[in-house]
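*Asks:* Chain by chain, the residues:
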Amino acid sequence: MSAHRSFVLALTFAAALAVVGARTVFAQEADAPPRMHWSFHGPFGMYDPAQLQRGFKIYREVCSNCHGLKLLAFRNLADPGGPDFTEAQAATIASGFQVTDGPNDQGEMFQRPGKLADRFPPPFPNDKAARNANGGALPPDMSVLAKARGYEAGFPWFIFDAFTQYQEDGPDYIHAIINGYEKAPAGVALPPGAQYNKYFPGHAIGMPQPLSDGQVEYTDGAPPTVDQYGKDIAAFLMWAAEPKLDERKRLGFQVFIYLIVLTGMLYFTKRRVWRDVHHPPQAA
Amino acid sequence: MSEHSVYKPQNPFMQWMERRLPIAGLVYSSFIVYPTPRNLNYWWTFGGILTVMLGAQMVTGIVLAMHYIAHVDFAFNSVESIMRDVNYGWLLRYLHANGAAFFFVAVYAHIVRGMYYGSYKDPREVLWILGVILFLLMVATAFMGYVLPWGQMSFWAATVITNLFSAIPWLGDPIVTWLWGGYAVGNPTLNRFYSLHYLLPFVIAGVVVLHVWALHVVGQNNPTGVEAKTEKDTVAFTPYATVKDAFFIGVFFLFLAWFVFYIPNYLGHADNYIPANPGLTPTHIVPEWYFLPFYAILRAIPSKLFGVIALLSSIVLLAFLPWLDTSRVRSAKYRPLYRQFLIVFFLVVIGLGYLGSQPPEGGYVIAARILTAYYFVFLLVILPLLGLLETTKPLPNSISESVLGPTPSGAKV
Chain R
0 MSAHRSFVLA LTFAAALAVV GARTVFAQEA DAPPRMHWSF HGPFGMYDPA QLQRGFKIYR
60 EVCSNCHGLK LLAFRNLADP GGPDFTEAQA ATIASGFQVT DGPNDQGEMF QRPGKLADRF
120 PPPFPNDKAA RNANGGALPP DMSVLAKARG YEAGFPWFIF DAFTQYQEDG PDYIHAIING
180 YEKAPAGVAL PPGAQYNKYF PGHAIGMPQP LSDGQVEYTD GAPPTVDQYG KDIAAFLMWA
240 AEPKLDERKR LGFQVFIYLI VLTGMLYFTK RRVWRDVHHP PQAA
Chain A
0 MSEHSVYKPQ NPFMQWMERR LPIAGLVYSS FIVYPTPRNL NYWWTFGGIL TVMLGAQMVT
60 GIVLAMHYIA HVDFAFNSVE SIMRDVNYGW LLRYLHANGA AFFFVAVYAH IVRGMYYGSY
120 KDPREVLWIL GVILFLLMVA TAFMGYVLPW GQMSFWAATV ITNLFSAIPW LGDPIVTWLW
180 GGYAVGNPTL NRFYSLHYLL PFVIAGVVVL HVWALHVVGQ NNPTGVEAKT EKDTVAFTPY
240 ATVKDAFFIG VFFLFLAWFV FYIPNYLGHA DNYIPANPGL TPTHIVPEWY FLPFYAILRA
300 IPSKLFGVIA LLSSIVLLAF LPWLDTSRVR SAKYRPLYRQ FLIVFFLVVI GLGYLGSQPP
360 EGGYVIAARI LTAYYFVFLL VILPLLGLLE TTKPLPNSIS ESVLGPTPSG AKV
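Sequences listed follow chains R and A, in order.
Under numbering that gives the first Met the number 0, think of the first position of the first sequence as 0, with each following residue one higher.
Under numbering that gives the first Met the number 0, think of the first position of the second sequence as 0, with each following residue one higher.
Chain R with its partners taken away, still in its complex shape (with noise of 0.2 Å):
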C-alpha cells in the first residue's frame, strides 16, 4: 500500500511539473485571441451569407492584391451555403478578373475575363514573385487558411471545447491579427520591414496594416470598422476552407436523430431479450 502510495505522489508532483511548465510556455509566446460570436458556431450554426458577401468585398478589394484563393472556382461563389450570390452575380464577378488560358492555336497563353468554372486567378504568377513584391515575406494561399491558423488553448480547455463544438479557433485567430497591430512595446526590435502584432506568434508579422475604420464601403449598413471587417473576412475564409459546413450540420443533425432513435430501440430490445437473464423465471 505505502508503495502505493509514493506511486500516487510521484504522479501528483510530475502534475504539479507540468503545470509549472505550461505556464513559461503560454508567458513566451502571442496572446490567445479573444474568442468571437460566429453564426456558424454551434450544431445549428450556419453561414450568414450578408456576412459572406461582405468579407467576399473585402478579399476582392484588399486580400487578392496578395493573397491567392487558388482552391475556389468562381462557380463556388453561387453554391448553396455560401454567400448566395445568384449565378449571374458570380458570373459577373467572375468577367471582372483576368485569367490565363491557352496556348491558343498559336501556341501562345493568353489572357480573358473570368468564366464560373475558373479558379480564382493567383496574384503573383509564383511565388519568387510574391516573396519579391512583399519585402520577402510569402502571403499564404487563403484557401484553407481558416483551418490553417490556431491556437493552443491548453488544459484543461481543450476538454470543454469538445463539448461546446469550439472549432472557431482560426477564423478567432484571423479576426485577431487584423486587430492585433500596436506600437512594439518599448526594447522589442523588429527585423526590417516588420510590423508589431500582439496576436502573432513571434509578434513580428511581415504585413502591413491591411485594414483600416472605412476602407471598405458597406452597402447594408454593417459598421464599416476594422473590428466588423475583421469578422467579416475571418467568416469569408471560413466559408472558403469549409464550404460544406451548412450541409455537414444539416446532415448532422439528420444523423443524430436517427442514431438516438436507432440505439434508444436497440435499448429496449436489448432489456427486454436479457430480461430472463437477469431475473429467471425461479432461482435455481
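Think of the hints as simulated: they come from the structure by calculation, not from any bench.
Ideal Cβ placement from N, Cα and C applies to all residues, glycine included.
Some hints here could point you the wrong way.
[Unchecked claim] The list that follows gives simulated cross-link-like pairs (lysine-lysine, DSS-like), each with its CA atoms no further than 27 Å apart:
no., chain 1, residue 1, chain 2, residue 2
1, R, 114, R, 69
2, A, 231, R, 269
3, A, 228, R, 269
[Claimed, not checked] Ranges of calculated distance between the beta carbons of each label pair, as one might list FRET restraints:
no., chain 1, residue 1, chain 2, residue 2, range
4, R, 259, A, 168, 53 to 59 Å
5, R, 87, A, 349, 53 to 59 Å
6, A, 173, R, 260, 54 to 60 Å
7, R, 110, A, 190, 35 to 41 Å
8, R, 201, A, 138, 31 to 37 Å
9, R, 259, A, 72, 41 to 47 Å
10, R, 259, A, 57, 23 to 29 Å
Using the hints, position chain A against chain R.
*Replies:* Showing chain A alone in chain R's frame:
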C-alpha cells in the same frame, strides 16, 4: 464449450450446400449458438465495435482512394478536391479521419478490458499476442494514412518517424534511405506509404480472422475470470450478445457522429492544412493523439537509440504480459493490489499522452521520465512480484454463482 446444438438445415438447397461447403453451419456455430458468459459487461462490446470500425474504414477508404492522387504535387489538392467537389467527399474524409481516431478509442478500451480482467492468461496467450500484432499493424496503418494528405504534419511526421530507424547502429542510414526510396522523404515515400496503407487493412482483416478463431477455441474471458463450466454460466451469442453489441455500437456511433458532424477537425492539427514544405519545420511536431504516450516515452530518454528501443519495447512488452504476470487469478476484481497499480498504470499512460503533446523542455521532460519509469517498472517488476506477494480475494465457484448469489442463500449479488 462445444456441447451446443449443431446446425441442421431444413431447406433442401441448404442441405445440399451444407454437404459441400458448411459455411452456414460455421456461421451458426460461431455467431448464433456460440456460448458467451452471461456476466459480460459493456467492456466486452469493443471487440464487435472494432470489427465494425475496420469494415467502415475499409469502405470509406476504398471510395476515398478512387479520388486521391498519391503524388507530392497533387496529394494535398486532391484531398481538398474530395472535400469540395466530390459528392459527400467531406463526409467520407471526415468519417475516415475521425473513424481512425475512434478505432483507437475502441482498441484502447479493448486493451484496458483485457488487462483489467486478465484476459491474456492461460489459455488465451496466443489470442492476446495476435491482439498485440493487430495493434502494431493498426499503428503502422494509421501512421501511413496520416502521411497521405501531405500537409506539414504529414510530411514532418513521416520525416521524424522514418528517421527513428537511423538510430540502428551501422545499418541505420542505409535502412532509412531504403525506406524513403531516396535521400529524403519524397514522392517514392508517399507512393509506397499509399500502397501499404491500402494493403495493411487487409492484413489486419486476416489477423482478425485468426484472433476470432483463437477466441472461439478458448472461449471468452469474463469479469470474474472464472471459466464457464455449465450451461447455466452462458447464454447464446444470438440474440444476447448481438443485441447488446448492436446497442453499444449505436452509442459509440453517437460519439463518432458528434466529432464527424460538429467538430471534425478537433482531433487534427491546424498545421496539416498547410501543404507540405520540406524547407520549413513546424515549431512543434506532434503526432496524432493516439500515439502521444509512445511519443512521450521516446522523448523522455536522452539517447536516440535507447529512446527508440524504449518506444518499441513499450508495445512489444505487452505481448509478454501472460508471462510477466505471475498471478493465477485473472480478474483485477479479486486482486486488490494489482487493481490499484493497474489503475495508476492507466493514469500514467494518460499522463504520458498529455506530456507527449507538450514541448520537450523543463518540467515536462522530468515528468515524462518519472511516468516512463513507472510504465516499465510496472510491467517488469511490479507485475511479476505481485503474483507472488499478493493475497487475492476468494473467487466465486462459478459465473452463475457470481451473478445469482450462492445457491442456498439466494439473492446476494
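*Asks:* Next, verify each hint and record whether it holds.
*Replies:* Hints, one by one, checked against the model:
no., hint, result
1, R/114 - R/69, "14 Å, holds"
2, A/231 - R/269, "19 Å, holds"
3, A/228 - R/269, "25 Å, holds"
4, R/259 - A/168: 53 to 59 Å, "57 Å, holds"
5, R/87 - A/349: 53 to 59 Å, "56 Å, holds"
6, A/173 - R/260: 54 to 60 Å, "59 Å, holds"
7, R/110 - A/190: 35 to 41 Å, "37 Å, holds"
8, R/201 - A/138: 31 to 37 Å, "34 Å, holds"
9, R/259 - A/72: 41 to 47 Å, "44 Å, holds"
10, R/259 - A/57: 23 to 29 Å, "27 Å, holds"
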